[in-house]
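Engineer: Letter by letter, the chains look like this.
Number of protein chains: 2
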Amino acid sequence: MPVDDTFAPLEWIGSAASGRLRLLDQRELPHAERWIDCRAPEDVASAIRDMAVRGAPAIGLAAAYGLVLAARGSGTDAAARIDAAERLLASTRPTAVNLAWALRQVAARARSNPEPNALLDLARELHAEDVAGNRRIAELGAARIESGMGILTHCNAGALATGGLGTAIGVIAVAHQQGKRIHVFADETRPRLQGARLTAWELSRRGIPHTLICDSTAATLMARGRIQFAVTGADRIAANGDTANKIGTYALAIAAHHHGLPFHVAAPASTFDLSLEDGSGIPVEERGEEEITSWGDGRTCPPQTRAYNPAFDVTPAALIHSIFTDRGEIKPVDRDSVSRTIGLKP
Amino acid sequence: MPVDDTFAPLEWIGSAASGRLRLLDQRELPHAERWIDCRAPEDVASAIRDMAVRGAPAIGLAAAYGLVLAARGSGTDAAARIDAAERLLASTRPTAVNLAWALRQVAARARSNPEPNALLDLARELHAEDVAGNRRIAELGAARIESGMGILTHCNAGALATGGLGTAIGVIAVAHQQGKRIHVFADETRPRLQGARLTAWELSRRGIPHTLICDSTAATLMARGRIQFAVTGADRIAANGDTANKIGTYALAIAAHHHGLPFHVAAPASTFDLSLEDGSGIPVEERGEEEITSWGDGRTCPPQTRAYNPAFDVTPAALIHSIFTDRGEIKPVDRDSVSRTIGLKP
Numbered sequence: 000m001p002v003d004d005t006f007a008p009l010e011w012i013g014s015a016a017s018g019r020l021r022l023l024d025q026r027e028l029p030h031a032e033r034w035i036d037c038r039a040p041e042d043v044a045s046a047i048r049d050m051a052v053r054g055a056p057a058i059g060l061a062a063a064y065g066l067v068l069a070a071r072g073s074g075t076d077a078a079a080r081i082d083a084a085e086r087l088l089a090s091t092r093p094t095a096v097n098l099a100w101a102l103r104q105v106a107a108r109a110r111s112n113p114e115p116n117a118l119l120d121l122a123r124e125l126h127a128e129d130v131a132g133n134r135r136i137a138e139l140g141a142a143r144i145e146s147g148m149g150i151l152t153h154c155n156a157g158a159l160a161t162g163g164l165g166t167a168i169g170v171i172a173v174a175h176q177q178g179k180r181i182h183v184f185a186d187e188t189r190p191r192l193q194g195a196r197l198t199a200w201e202l203s204r205r206g207i208p209h210t211l212i213c214d215s216t217a218a219t220l221m222a223r224g225r226i227q228f229a230v231t232g233a234d235r236i237a238a239n240g241d242t243a244n245k246i247g248t249y250a251l252a253i254a255a256h257h258h259g260l261p262f263h264v265a266a267p268a269s270t271f272d273l274s275l276e277d278g279s280g281i282p283v284e285e286r287g288e289e290e291i292t293s294w295g296d297g298r299t300c301p302p303q304t305r306a307y308n309p310a311f312d313v314t315p316a317a318l319i320h321s322i323f324t325d326r327g328e329i330k331p332v333d334r335d336s337v338s339r340t341i342g343l344k345p
Numbered sequence: 000m001p002v003d004d005t006f007a008p009l010e011w012i013g014s015a016a017s018g019r020l021r022l023l024d025q026r027e028l029p030h031a032e033r034w035i036d037c038r039a040p041e042d043v044a045s046a047i048r049d050m051a052v053r054g055a056p057a058i059g060l061a062a063a064y065g066l067v068l069a070a071r072g073s074g075t076d077a078a079a080r081i082d083a084a085e086r087l088l089a090s091t092r093p094t095a096v097n098l099a100w101a102l103r104q105v106a107a108r109a110r111s112n113p114e115p116n117a118l119l120d121l122a123r124e125l126h127a128e129d130v131a132g133n134r135r136i137a138e139l140g141a142a143r144i145e146s147g148m149g150i151l152t153h154c155n156a157g158a159l160a161t162g163g164l165g166t167a168i169g170v171i172a173v174a175h176q177q178g179k180r181i182h183v184f185a186d187e188t189r190p191r192l193q194g195a196r197l198t199a200w201e202l203s204r205r206g207i208p209h210t211l212i213c214d215s216t217a218a219t220l221m222a223r224g225r226i227q228f229a230v231t232g233a234d235r236i237a238a239n240g241d242t243a244n245k246i247g248t249y250a251l252a253i254a255a256h257h258h259g260l261p262f263h264v265a266a267p268a269s270t271f272d273l274s275l276e277d278g279s280g281i282p283v284e285e286r287g288e289e290e291i292t293s294w295g296d297g298r299t300c301p302p303q304t305r306a307y308n309p310a311f312d313v314t315p316a317a318l319i320h321s322i323f324t325d326r327g328e329i330k331p332v333d334r335d336s337v338s339r340t341i342g343l344k345p
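Heads up: the protein sequence lines correspond to chains A and B, in order. For what it's worth, numbering that gives the first Met the number 0 labels the leading residue of the first sequence as 0, then goes sequentially. For what it's worth, numbering that gives the first Met the number 0 labels the leading residue of the second sequence as 0, then goes sequentially.
Just chain A, same shape as in the assembly (with noise of 0.2 Å):
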C-alpha cells in the first residue's frame, strides 16, 4: 500500500445500506497492514478507544461513520439509535476535540434526515472536506520551509492521523513534492511510539529523507544547528491560541523557543474550541499506567512503581510561532488572531 496523496486510513465500502467502515489497524504498523471491518457503532468506539485509528482529525471522520452505523440499525427509532451512539462515540477519547465536532455535524443533519444514505453523504463530505483542507495546510506550512532546513516532528500528524495527506506531515510532504532538499527528524514518541512506528511509516513510503531520535534528543539538535522548524499537530486549540497535542509537544516548544526557532502547529479549524478562553480548560486524558511500565509481556521497571502517563500536554500560545490552518495562517498565535481566521465564539 502506497503512501501517496491519495492513501486514507479510513475508507467507506459498499453502499450505506449493507456497507462497512474499514480501518487500517494503526497498532500492527509498521510490521502489518491489517484493515479493521466496522459494521456497527460500537465496533468503531472500540476501534477508536483501543487506538486501532487515532489522530485528532481521523478520530473525528471514524466516528461521523460511525453514526452512519447507528442509523442503519435494527429497531424503529433511529433518533433514538444515532443519540446512543453519539454519546458512545464522544466518550472514547477525551481530548480531541474533532470528535465532538464530527458527531455534532452528522447529529445535526440526522434530526431533519437520519436516512443513512444522507448521512454517509455527509460524512463522505466532511471526510472530503478534510483531505482538502489539509492540502491547503500543507500548502501554506511547505512555502515557509527552505531547501536545506532540518525539520523535526513528533508523535505522527500524517495520513494516518487524518482523512489523508495530514497536517504536520502534509507540510512536509508538500515541501518535499516541491524538490525541496529537507531532512526529517522524527520523535520515536514514548511511551506508544507513535513517531517510530507510524510517522517513520509514512516518511518512508513517500521516500523522505529521515533519522529517528529520542523523544529528549531534540533539544540538543536544535543547540548543534540540526533543527531549523518545528511542526506538529493538534489535538485542541483554545480561542487564545494554546493548543493541547502529543505529550512532549510543550517540551519541545520550550526548547525550539529557547534556541530561537520557529514551532509551527498543523491543524484544521475543527481541531479549534473557541468555547474555551484558553487551553487550561482542555481536559487531558490520561491513559493507563502499563503504556510505560510494561513493553510487550515485560515489565520495564520494578512490580511496586507506579507511573503517571498523561496522553497530551498544553503548549501556551506565547511559543507557537504560528498554526497553519485550512482557513490561513495564524500568526502571531493569540485570540485576535485565532478569531479572524477562525471565527467567533459559537
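These are computed hints drawn from the structure, not numbers from a lab. For each residue, glycine too, the CB sits at the ideal point set by N, CA and C. Errors might be hidden in some of the hints.
As the list claims (entries may be wrong) - Output of the computed footprint for chain B on chain A, the stretches with three or more beta carbons under 8 Å from beta carbons of chain B:
(1) 193–207
(2) 213–219
(3) 252–263
(4) 298–311
Model the placement of chain B on the given structure of chain A, informed by the hints.
Structural biologist: For chain B alone, kept in the frame of chain A given last:
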C-alpha cells in the same frame, strides 16, 4: 539485597593475588540480581562496554580494580600488562572522565609499586573515598530540599552508578532519611530505560515515594507546579561548569529554566575535566541505532529507517543552578567558582 547506605554495585572478593571483582549486572535489573565475576582486565572492559556496569564513578572504580587484575597476570612484565590494560579500559567509553581519572591514579601507583596488593589497596581507597565523597555531596544537596517538594531526576545517578550511595539519588536518599516528605519523578530515560530499570529499583528498595514518567512529561509537570527541584548526575564537567550527562538532561535543564526552577548537578571532583575550557570539547559517545530501532527481538520502526543515538548531551553552565560536589557547592556555576572549589587547570 537491600539498597541502603552500605550497598555497592561492585566489590573485590578475596585476596589481591587470587580474588576477583564482583559486579552487579545492571542489564538484568530490575528483574534479576545477577553478579558477574571479573578475573581479567578484559572481563572488566567487556562489562563496561556492554554496560553491565555503568555510571561515571562506578566505571572509574571498576577500571581501577581492572588494573589490579592486570598487575597479577602471568608473564614477567607487569608494567607492560598494566599499560595495555589501561589503554584497553580507557577505550571502553569515551564520555565519562572518571574512567581516565581512576586509571591515571592506579597507573601512577603502579609505576612505583606494581604489586597487586598495593594496587588493590589503592583501588579500595578510591572506592571508599567515592562513597565518603557521595555522603558529603548528599548532605550538601539534601540541605537544599524542603519537605513537600517534588523532585525530578533523570537516568540513574544512584548507588548503582557509583561506589555506593549515589550522587543525585544520594541527595534524594539523605533528604528522605532526614524525614523530609518528598516525591520523586523518575524519567524512564530512553533509550536504555535506566530510570525505569535502575532508579525505580533503588527508590523502591529505599522506600522513597516515586512515580515513573516518560522523559517528555517532565515539562508539563513543571508547568503544573508538581516539580520544585531537579537533580542529575554528570559524566564530565568542563572548567566553566558545562556538564555532559545522559541524553535528555539538556532538555530538562531548559524546561527548568523556563519555569524558574532550580536545576542541580551532583558529582564528585573526579568528574571535572579542567583541561577543557568548556563543554564543546567533551566527546559525546554515539551508541548503536538498535537501542532506538529495536526492542527485545522486534523493531520499533520500518526496516529502512535509521536512528541517531547520542548517549549524552551537554548542558551549559548558565542553565545549572548549582553543582553539589565532595569539595563543596559550586554556585554560581562559572569558571571562577569551579576553580575555587575544584582547583585549577591540572
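Engineer: Starting from the hint list further up, note which numbers the structure goes against and sort them upward.
Structural biologist: The structure conflicts with no hint, since it agrees with every one listed earlier.
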